Amino acid sequence: MTDLFPLLMILLMLNIVVGLMRVLRGPTAADRMLAAEMFATSAIAIALLLAVLTQREALVDLALVFALLSALAVVTFVNRAWSGRVRSSDGEDRP
Amino acid sequence: MGAPGLAFDGILGAALLWTAWQAIHAAGLFRAVVSFMVFGLLMALAWVRLEAPDIALAEAAIGAGITGALLLSALGRLDWEAGRATDECLRGRDRAFWVPTGLLLLAGLGGAAWLLPAPGLGEPVAAELGRSGVENPVTAVLLNFRAWDTLLEIAILLLGVVALWSLGPTPWPSSPELVSPALPMLGRVLFPAFVLVSAYLLWRGSHAPGGAFPAGAVMGAGGVLMLMAGARPWLSGDVHGPWRWALALGMVAMLGVAFAVMTGGHGFFEYPVELAGRLILLLELAAGLSIALLLFALYLGGEPPADWETRRPA
Numbered sequence: 001m002t003d004l005f006p007l008l009m010i011l012l013m014l015n016i017v018v019g020l021m022r023v024l025r026g027p028t029a030a031d032r033m034l035a036a037e038m039f040a041t042s043a044i045a046i047a048l049l050l051a052v053l054t055q056r057e058a059l060v061d062l063a064l065v066f067a068l069l070s071a072l073a074v075v076t077f078v079n080r081a082w083s084g085r086v087r088s089s090d091g092e093d094r095p
Numbered sequence: 001m002g003a004p005g006l007a008f009d010g011i012l013g014a015a016l017l018w019t020a021w022q023a024i025h026a027a028g029l030f031r032a033v034v035s036f037m038v039f040g041l042l043m044a045l046a047w048v049r050l051e052a053p054d055i056a057l058a059e060a061a062i063g064a065g066i067t068g069a070l071l072l073s074a075l076g077r078l079d080w081e082a083g084r085a086t087d088e089c090l091r092g093r094d095r096a097f098w099v100p101t102g103l104l105l106l107a108g109l110g111g112a113a114w115l116l117p118a119p120g121l122g123e124p125v126a127a128e129l130g131r132s133g134v135e136n137p138v139t140a141v142l143l144n145f146r147a148w149d150t151l152l153e154i155a156i157l158l159l160g161v162v163a164l165w166s167l168g169p170t171p172w173p174s175s176p177e178l179v180s181p182a183l184p185m186l187g188r189v190l191f192p193a194f195v196l197v198s199a200y201l202l203w204r205g206s207h208a209p210g211g212a213f214p215a216g217a218v219m220g221a222g223g224v225l226m227l228m229a230g231a232r233p234w235l236s237g238d239v240h241g242p243w244r245w246a247l248a249l250g251m252v253a254m255l256g257v258a259f260a261v262m263t264g265g266h267g268f269f270e271y272p273v274e275l276a277g278r279l280i281l282l283l284e285l286a287a288g289l290s291i292a293l294l295l296f297a298l299y300l301g302g303e304p305p306a307d308w309e310t311r312r313p314a
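Residue numbers (this note's numbering), protein chains in the order written: chain A, 1 to 95; chain B, 1 to 314.
Hints in this document: simulated from the structure, not taken from any laboratory.
Predicted, not measured: the structure shown is a model, and the values here were computed from it.
Glycine included, C-beta positions come from ideal geometry on N, C-alpha and C.
Some hints could be false.
One-sided excerpt, in silico: chain B residues whose CB lies under 10 Å from chain A [to be verified]:
1. M37
2. L42
3. P214
Chain A is faced by these chain B residues, among others (derived, beta-carbon under 8 Å) [stated by the list, open to error]:
4. L17
5. W18
6. L41
7. G122
8. A193
9. L201
10. A208
11. M228
When you get a sec, could you build the whole thing from the sequences and use the hints?
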């Protein structure tokens with residue numbers, strides 16, 4: 001099973017690369033933020049796969065920190081959008 | 001991992017370069033901020049691949065996490081016009097200066113890396129690890145062998161907060177105009193996890209990757225989360241209040257220990273071997289708490305009022 005892990009990591013990494021297109025093209029700020037959240041999820045999966053592959057427990061902690069702080073990023077974003085103070089910085093970006 | 005590992009590293013490196021370029025050159029500020037956050041995330045993975053889990057943890061907590069939130073909320077306070085005024089590229093004259101300067105800097109760094117002594121300092125650190133009081137070599141270097149550097153790092157954070165407070169009162173309203181109904185609930189559920197993970201990272205620092213900086217950053221992020229959820233911050237700018245002492249706690253504790261060991265006939269920051277473990281734990285605790293508060297204070301973006309209820313200036 002662990003033989004598959006490197007391939008899965010590459011697949012997840014390619015997932016991130018494809019998602020970068022969404023950050024580039026938008027069109028709304030929410031699309032970009034969701035893409036960034038998807039990257040955080042992929043990064044958690046990569047960290048956990050690497051933790052099993054390299055037998056480093058510290059990488060599980062890293063996945064934990066990723067998970068907590070990506071929640072913070074999305075909360076910051078929602079807070080901006082909700083309180084109506086978001087005058088989106090990209091012209092085409094009004095959410 | 002062989003060929004798959006190489007392919008993974010190749011994609012990771014290319015994505016890093018692309019997000020770095022986007023963070024600097026994206027047409028809109030929001031896109032740049034998102035690119036910067038993704039860059040921090042990928043950088044943490046790159047540190048993992050370089051077998052530096054300690055730096056990966058710090059990068060994930062500070063670079064990808066709390067800095068992203070800081071930039072996003074700073075963006076919320078900018079005018080729409082200010083956000084658009086960033087499209088201008090480097091002009092020809094600037095380019096003629098910065099491109100050679102950048103290349104020169106890169107060549108200098110490359111040369112310095114080339115000239116580094118071959119085995120590095122890993123072996124001397126491993127040889128002295130038994131006398132350092134902790135089992136994790138990174139913590140031993142940060143808080144024992146090179147504690148002076150850590151003292152200066154905390155001093156820089158403190159200096160940042162002092163400079164920020166001198167700019168004026170925080171623009172933050174005493175509570176967000178309208179708190180999303182989901183946020184208080186989310187805050188209540190998630191905040192205990194932030195506290196728990198922070199304490200866990202602090203405790204792990206003595207024998208595994210972790211320590212004061214990631215722990216402080218996670219704790220500070222938890223505070224920011226509660227602030228978003230509509231909680232009233234307890235941090236106040238009161239001149240005689242305890243918070244100024246709490247902000248300075250890390251630095252005061254480190255200097256206190258450094259001078260206290262001198263009275264026992266040791267050098268500056270030269271811990272007695274039998275006490276080293278406990279002293280390092282004490283310093284980690286003080287530094288972690290102080291870093292959490294400093295990062296939170298940085299997030300407030302100005303001097304908090306002495307009293308949040310009435311917003312009486314400090």
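Going down the list of hints, with the structure as the test:
1. M37: At 6 Å from the nearest chain A Cβ, B/M37 passes the 10 Å test, so the hint holds.
2. L42: At 8 Å from the nearest chain A Cβ, B/L42 passes the 10 Å test, so the hint holds.
3. P214: The hint holds - B/P214 has a Cβ within 10 Å of chain A, the shortest such distance being about 7 Å.
4. L17: It is violated, given that the least Cβ distance between B/L17 and chain A is near 11 Å, above 8 Å.
5. W18: Check passed: Cβ of B/W18 comes within 7 Å of chain A, closer than 8 Å.
6. L41: Holds, about 5 Å.
7. G122: 17 Å, violated
8. A193: With a minimum Cβ separation of about 6 Å from chain A (threshold 8 Å), the hint on B/A193 holds.
9. L201: 7 Å, holds
10. A208: 6 Å, holds
11. M228: 5 Å, holds
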